[in-house]
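S.K.: Got chain A; can you put chain B on it based on the hints?
Top to bottom, those sequences are chains A and B. With our numbering, letter number 57 in the first sequence gets 57, and the count goes up by one each step, no holes. With our numbering, letter number 21 in the second sequence gets 21, and the count goes up by one each step, no holes.
It is worth saying that the hints were derived from the structure and are not from the lab. Built from N, CA and C at the ideal position, the CB exists for glycine as well. Treat the hints with care, since some could be wrong.
[Stated by the list, open to error] Lysine to any residue pairs mimicking SDA-like chemistry, simulated, CA-CA at most 20 Å apart:
no.: 1; chain 1: B; residue 1: LYS99; chain 2: B; residue 2: GLN2
no.: 2; chain 1: B; residue 1: LYS107; chain 2: A; residue 2: THR38
no.: 3; chain 1: A; residue 1: LYS57; chain 2: B; residue 2: LYS107
[Unchecked claim] Pair ranges (Cβ atoms, derived):
no.: 4; chain 1: A; residue 1: GLU82; chain 2: B; residue 2: LYS107; range: 37 to 45 Å
no.: 5; chain 1: B; residue 1: THR31; chain 2: A; residue 2: ASP95; range: 14 to 22 Å
no.: 6; chain 1: A; residue 1: PRO39; chain 2: B; residue 2: GLN83; range: 22 to 30 Å
no.: 7; chain 1: A; residue 1: THR80; chain 2: B; residue 2: ALA81; range: 30 to 38 Å
no.: 8; chain 1: B; residue 1: THR31; chain 2: A; residue 2: ILE26; range: 23 to 31 Å
no.: 9; chain 1: B; residue 1: ILE60; chain 2: A; residue 2: SER98; range: 17 to 25 Å
no.: 10; chain 1: B; residue 1: SER53; chain 2: A; residue 2: ARG30; range: 23 to 31 Å
no.: 11; chain 1: B; residue 1: ILE60; chain 2: A; residue 2: GLY42; range: 22 to 30 Å
no.: 12; chain 1: A; residue 1: GLY3; chain 2: B; residue 2: VAL84; range: 22 to 30 Å
no.: 13; chain 1: A; residue 1: GLY62; chain 2: B; residue 2: ILE60; range: 45 to 53 Å
no.: 14; chain 1: B; residue 1: ASN58; chain 2: A; residue 2: GLN17; range: 46 to 54 Å
no.: 15; chain 1: A; residue 1: ILE26; chain 2: B; residue 2: GLU59; range: 20 to 28 Å
no.: 16; chain 1: A; residue 1: ARG67; chain 2: B; residue 2: ARG63; range: 37 to 45 Å
no.: 17; chain 1: B; residue 1: SER12; chain 2: A; residue 2: SER51; range: 39 to 47 Å
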Amino acid sequence: KAGVTQTPRYLIKTRGQQVTLSCSPISGHRSVSWYQQTPGQGLQFLFEYFSETQRNKGNFPGRFSGRQFSNSRSEMNVSTLELGDSALYLCATRDSSSYEQYFGPGTRLTVT
Amino acid sequence: AQKVTQAQTEISVVEKEDVTLDCVYETRDTTYYLFWYKQPPSGELVFLIRRNSFDEQNEISGRYSWNFQKSTSSFNFTITASQVVDSAVYFCAAPDFNKFYFGSGTKLNVKP
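Excised from the complex, chain A in its bound form (with noise of 0.2 Å):
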């Protein structure tokens, strides 16, 4: 099976922009995480999402926000960006059988 994944790579913005990162699941899986990682925050769990509906939100604001299609792929938006948003954003999914999360390579972000 083909793994996560995620487009673009890399990305740059600027202040006050928004951003919309794609997440591709494994085939069959349904839920679908999205985590930001900074090198003060660590890795923070942003939503999750199973069958086109949010389950989870992690304690982020409300400039972060997230959908997912039928076919389980993901999109996550960030409006009005702002400088600490400069992260490495990555994608998990799973089958609705198992705790295991896959991760894909992940989108890094900078914001100037």
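M.R.: Just chain B now, with coordinates in the frame of chain A:
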């Protein structure tokens, strides 16, 4: 919510040395899972092992072994005869429903 602590921020060893990475967790759940992930410089988190709270047997996979002790709330990871390719950041994690809580990670440097 789960809490995962990795007190070792960074460890440096010389190739062929054994090294143990510590993980301590806190949970109010009677049934829970624990995970270890490896993050090489490329950024992608690689799943290493899942352990459930019912199984206290140690697990060995090649040069890797895991010691799970409920009495001390620890789930330690040992690499035997370390190699340069083991250099990475290692994360211990515990899920709480569909959220994963990660420790802060231990950076392992294996020098030739």
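S.K.: Confirm or reject each hint.
M.R.: Hints, verified against the model:
| no. | hint | result |
| --- | --- | --- |
| 1 | LYS99/B x GLN2/B | 9 Å, holds |
| 2 | LYS107/B x THR38/A | 14 Å, holds |
| 3 | LYS57/A x LYS107/B | 28 Å, violated |
| 4 | GLU82/A x LYS107/B: 37 to 45 Å | 27 Å, violated |
| 5 | THR31/B x ASP95/A: 14 to 22 Å | 20 Å, holds |
| 6 | PRO39/A x GLN83/B: 22 to 30 Å | 26 Å, holds |
| 7 | THR80/A x ALA81/B: 30 to 38 Å | 50 Å, violated |
| 8 | THR31/B x ILE26/A: 23 to 31 Å | 26 Å, holds |
| 9 | ILE60/B x SER98/A: 17 to 25 Å | 22 Å, holds |
| 10 | SER53/B x ARG30/A: 23 to 31 Å | 25 Å, holds |
| 11 | ILE60/B x GLY42/A: 22 to 30 Å | 28 Å, holds |
| 12 | GLY3/A x VAL84/B: 22 to 30 Å | 24 Å, holds |
| 13 | GLY62/A x ILE60/B: 45 to 53 Å | 46 Å, holds |
| 14 | ASN58/B x GLN17/A: 46 to 54 Å | 50 Å, holds |
| 15 | ILE26/A x GLU59/B: 20 to 28 Å | 24 Å, holds |
| 16 | ARG67/A x ARG63/B: 37 to 45 Å | 42 Å, holds |
| 17 | SER12/B x SER51/A: 39 to 47 Å | 45 Å, holds |
In summary, the numbered hints that this structure violates are 3, 4 and 7.
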